[in-house]
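Participant: Use the sequences and the hints to build the structure in full.
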Amino acid sequence: MKLKQIFISLLFAMVALTSMSYATEHEDASEVSSEKKVYQPKSITELGVSFWETTGIKAIFDTDDGEMSADPAGESKEHVMSAFESSFGRIIMILIVFTLFYLAIAKGFEPLLLIPIAFGGLLANIPLAHMAGPEGMLGVIYNMGIANEFFPLLIFMGVGAMTDFGPLLANPKTALLGGAAQFGIFGSLVGAVALGFDLQDASAISIIGGADGPTSIFIANRLAPDMLGAIAVAAYSYMALVPVIQPPIMRALTTKEERQIKMGVQRRVHRLEKLIFPIIVLMLSIMVLPESTPLIGAFAFGNFAKESGVVDRLSDTMQNSLINTVTIFLGLGVGSKLAADKFLVLESLGIMIIGLLAFSAGTAMGVIMAKIMNKFSKEPINPLIGAAGVSAVPMSARVVSKVGSEEKPGNVLLMHAMGPNVAGVIGSAVAAGVLLSIFK
Amino acid sequence: MKLKQIFISLLFAMVALTSMSYATEHEDASEVSSEKKVYQPKSITELGVSFWETTGIKAIFDTDDGEMSADPAGESKEHVMSAFESSFGRIIMILIVFTLFYLAIAKGFEPLLLIPIAFGGLLANIPLAHMAGPEGMLGVIYNMGIANEFFPLLIFMGVGAMTDFGPLLANPKTALLGGAAQFGIFGSLVGAVALGFDLQDASAISIIGGADGPTSIFIANRLAPDMLGAIAVAAYSYMALVPVIQPPIMRALTTKEERQIKMGVQRRVHRLEKLIFPIIVLMLSIMVLPESTPLIGAFAFGNFAKESGVVDRLSDTMQNSLINTVTIFLGLGVGSKLAADKFLVLESLGIMIIGLLAFSAGTAMGVIMAKIMNKFSKEPINPLIGAAGVSAVPMSARVVSKVGSEEKPGNVLLMHAMGPNVAGVIGSAVAAGVLLSIFK
Amino acid sequence: MKLKQIFISLLFAMVALTSMSYATEHEDASEVSSEKKVYQPKSITELGVSFWETTGIKAIFDTDDGEMSADPAGESKEHVMSAFESSFGRIIMILIVFTLFYLAIAKGFEPLLLIPIAFGGLLANIPLAHMAGPEGMLGVIYNMGIANEFFPLLIFMGVGAMTDFGPLLANPKTALLGGAAQFGIFGSLVGAVALGFDLQDASAISIIGGADGPTSIFIANRLAPDMLGAIAVAAYSYMALVPVIQPPIMRALTTKEERQIKMGVQRRVHRLEKLIFPIIVLMLSIMVLPESTPLIGAFAFGNFAKESGVVDRLSDTMQNSLINTVTIFLGLGVGSKLAADKFLVLESLGIMIIGLLAFSAGTAMGVIMAKIMNKFSKEPINPLIGAAGVSAVPMSARVVSKVGSEEKPGNVLLMHAMGPNVAGVIGSAVAAGVLLSIFK
Amino acid sequence: MAEVNYVVEALKFMVLGMGVVFLFLFILVKVVELQAKLIAKYFPENTPQTPAVPAGNVTEDENRRVAAIIAAVTEFRNKKS
Amino acid sequence: MAEVNYVVEALKFMVLGMGVVFLFLFILVKVVELQAKLIAKYFPENTPQTPAVPAGNVTEDENRRVAAIIAAVTEFRNKKS
Amino acid sequence: MAEVNYVVEALKFMVLGMGVVFLFLFILVKVVELQAKLIAKYFPENTPQTPAVPAGNVTEDENRRVAAIIAAVTEFRNKKS
Ligand code: NA
Ligand code: NA
Ligand code: NA
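Protein chains in written order, with the numbering used here: chain A, 1 to 440; chain B, 441 to 880; chain C, 881 to 1320; chain D, 1321 to 1401; chain E, 1402 to 1482; chain F, 1483 to 1563.
You can trust all of the hints, since none of them are fake.
The list that follows gives simulated cross-link-like pairs (lysine-lysine, DSBU-like), each with its CA atoms no further than 35 Å apart: (1) Lys1332/D <-> Lys42/A; (2) Lys375/A <-> Lys262/A; (3) Lys613/B <-> Lys842/B; (4) Lys1431/E <-> Lys378/A; (5) Lys1258/C <-> Lys1519/F; (6) Lys1350/D <-> Lys42/A; (7) Lys1512/F <-> Lys547/B; (8) Lys173/A <-> Lys371/A.
Keep in mind that the hints were calculated from the coordinates and are not lab data.
Facilitator: Following this line, the structure appears as structure tokens:
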């Protein structure tokens, strides 16, 4: 105890002595920080009034206070908020955010992304705090990794490190189901144009049908950054709603007999096949469409690191601390686009509708393709697994398995559905590349 | 073995062949890097002399060498160092740094922050290396996360994910103790102004009384960035000294009977209460003072993620790899402000004195408030727990518990002290918001 | 199920109502994004042709398409690619990358770095994707932490936290062996100049002889950024080849008797010695050559954090999630310099040759120095341990131990070789500092 | 600008600051108390355990398992001796 | 610029897009099938286990160890009772 | 600028560089030897164990516990058989 106090006193003494003798050399601290405003004395009432001016209640209810919106890109993208945006709009957004919390927590819908996104949305709608501006927390995050597409690619890398292509390699033909489901993208593209979106915006929206979060964010950022929030929220919401959206469509398009088809045991896959596979996918995408290589390259890197078996330290990090950290930031950053002035526009409603349409179309086409393949294939193919082609890994494969075992207890389709499921991820990235190459 | 060598030879051969045939197409490498200085040949003696010019010994003892100071903000903030700053000042700072090492390692005072801060201070005082400049390691870190307040907020997020509000929810009234202790902030604000600091600087300094590191850094960065180093060091030093500073004050203000008061068993808290609590705090701060929402928002996000129970991956990352990484960087970055030319100014001494005053005042007011509440409350309240209102989580709660059980063995006050303790964190953030709103 | 749908409908309804009534206030989305190009309608054939223009096959085989190279620094550093660079060069680089994959996975050569570097090289050679440009993934990474030398320093910090200086402290004299091995650096510097490199480039290349990855990257970035890729690849390749390169040299320079020398048991080292050691090294380097303090400072910080024993959270993070994350990024970023237009130049061949020379010279001089010390020392010194002076921690110490136990089963030299091994790390950092101070 | 007594200004800040802090915490206390009542009424102790989706905290599980084993082994040893 | 029917343009995109996606996946399927055959021929089941350098995944090792212990303890208890 | 023999310059660099490296390490060796003596004198083997504040390394603890259990189980099995 004594010792401590002696040390502290010593420290003080030293500082005191030296500072005093030399302090004169320094400019006065108050001069240095010349940017400071001169403080005007106020009476306690004035102080109270000026405090009232800075409260959130005042900001929300005084609709005509000329508050500026916030944007990570800075002033050039900001504008004076309308009465609606700065008051009622915020309240609506906060209610939407609470709905998302409810879905994530009580219903277990994609909580890993909905919670950070929704919380980001909550923070973005706080009046006066400008958290989505270039100097706010959300804006800093956005500029750090979303504006340059870095975070979605890191997520893709982590997902790559988590993915096992074994089921796909055991039965490669099922990859075609992951292709058919991309009809969700291109079908809804036509729909979006019909609804009045221009071609570029329509393309950005339709990628929701790919059922792949990072891909959607990547494309939205390139083709329609203003709609990024709505697109990301739609993509993750519908991915969360896979257990609600898909089963009715799957049942409507198949007969009971088809749903009861049993599929054989998968062959064993050689370690080398898994090791070489990510390289094959990458080389193919290099040759066919380089535009998709950021996405496929990051994904292939993660998968290759995992399958190489010699860098487990790195692959573990990709799958855990790195992807978790990036998920937090990605969610908050995307959430910043849920500010009322960005989200509550007519386009968002269109995006929601087209997104649902895209998801449904993708599911339907996957199932139909599987029916066709079943007809021409020697080995039986349960058409249900076509629904897994939309990706939404691994949720849709699980849904397929659940529907399958409901129809015929003991019929486990999970591994067979994983093939189209991961092929869907590749398919969406390819579709994304095509869209990018069109608008290049 | 053979195989390897063949591979390597092959590699060489390929490079050789291809390079040679095409090398002519390239500009000469020496032309490309045109920024290179022309090297003037030197005799071995000249070489030795010019080497001597770059040694640290020469830099420290030649006091009039026109060395520039370093600042993360770049040249506009740099100046020619005075004789004192570039020689004796550095030695004093290095001694101070060693004192901090001693306190952290031998005495166990907040080592998680004092060690990175002190090491950053050591690096910042190295002559000629300019590690605190915009291209030095410390400067890069500073610009990455301190100049934009990102790191303090991430720490706050992690602390939120670590905090259990159960004790506060079990006995909400104790939150008022966390309010009373904020007198430390506002009392010392008056003191600082009396000592001659201007209002804005005084506000930045007084926040030390909040006993909360990230809040202090956040506010210092906004109101008085030049004093950030001294403020952060003072804040963490006094938080580390809680077991030394608080007990005498607690004993002086209470009678033996009061210190022996037993408090009842806490009621069980419903999971939903914990889940909703961070949202309530955030909504309140949105309504009352949006200025505090970056701090409270980050804190609430961490806590909400933890209490939601559905994103344990993310909440684990916030509590471990993310907060650890940020702690390392925050410490090093703050340490860069311990450079002699920044720290050894008269202001630092004032900051140290006011910081101690602020801490003591906060402790005292917390205890007094608890005494008053004890008089008017139906259930007995041990006045000692008021001291925990300064925050300094969980150190001050532990000190309270220790003093309590010394007075009456078996009297465990820990959980009762945790209520005011976490309320103190909220209270400081609110106080910080008030100060920010005044100078907005 | 019902509930979910109600919520979703509600959400839609809300958005619909509010959007519609206010949408008129907004500018039309298509007006906002004014940068969009006007889309010109195309026939399906035109579309196919313009898609063909964006394929990688076309880009590789059409050698005269005016494709630009990519550089993290942006347009000022980019140029129109030559026919060779944009076609055959890329194919060669991809073959080199596959060779590196083979060495890393099948031969286990430094996979933690070769795999990310090689994969980065693969991505950097994708036509049209510009992944190494300022907006590509690799370019973003490069600018984030390699252009400013932040990542190499973080690696050094992590390595510091992993290093145990116990063996060196037990037998300090062996540190001199880590000095002798730095002849690899300065000897090859002479060789590089003789080969025609200018002094500055030669210095950057010769640091490969230090057998230390982060140091090589740090120096290359300062003295010859254009050759960073080749230097880093050479450094890591030769570190990986330590078990191939060193044993023949060790055997050639020693007699059988010398190789069989047994060394005594090492004394026990006091905890305080280990704690103070990093501080001593840092203070010395501050006094003698501040230029080396970024490297030594980061290293000393990591080691001090570990030896302090009070910040295990931080030191664990440095050794695991942080160093792993940075390793991934560092590798990808360095790999971006393996683009054909940067790597396939005559200089790279020179770098490969000099690197091998440097490694061999360092090994030889370490062994010779150990022979000399053995003659003059009271206690016997096995000359083999001199080879460990090149650093390449802990690979070269293991090789020494292996060669030693082959000569005399049961003769375990591992701990004795760790002394010169870690001294080699310090020695290389000092040598790096000398080179930097010359070109300052 | 007339002479300003900055200490007086600082005292005003104190009044405002402490007022807002107490107001904030006071409302918070009231809201929390209300919340506790409402929850106790409408969600009567639905066993405040794990959430809907248990997102598998591996380490904790492991700890528990290890603890179980320790218990088992200890029990065995005690019986033995 | 004449009147453009954007829906028709979108339909063209669909043809191109679905075409490329299917082409890509079709080639992929063929290459993968070829690969499988080649590997089966030249690397006949060299026990697809651990890689050359087993980069020690600590947690998994631990899990396995814990599992072994559990097994041991369980066995013991069963024998006992 | 007259003709410069750069190889000679490089040789000068070598002299300077190796000189500084050896000087540095030589001083380091001497300081470390001195330090060892001083510490041996003033802090005679105060059991170089854990630091003042043991900042709980969970995994290691766990490893140790697991090791203890393995030992216990092994012992048990050996006794049994
Ligand atoms: Na998909
Ligand atoms: Na506080
Ligand atoms: Na070395």
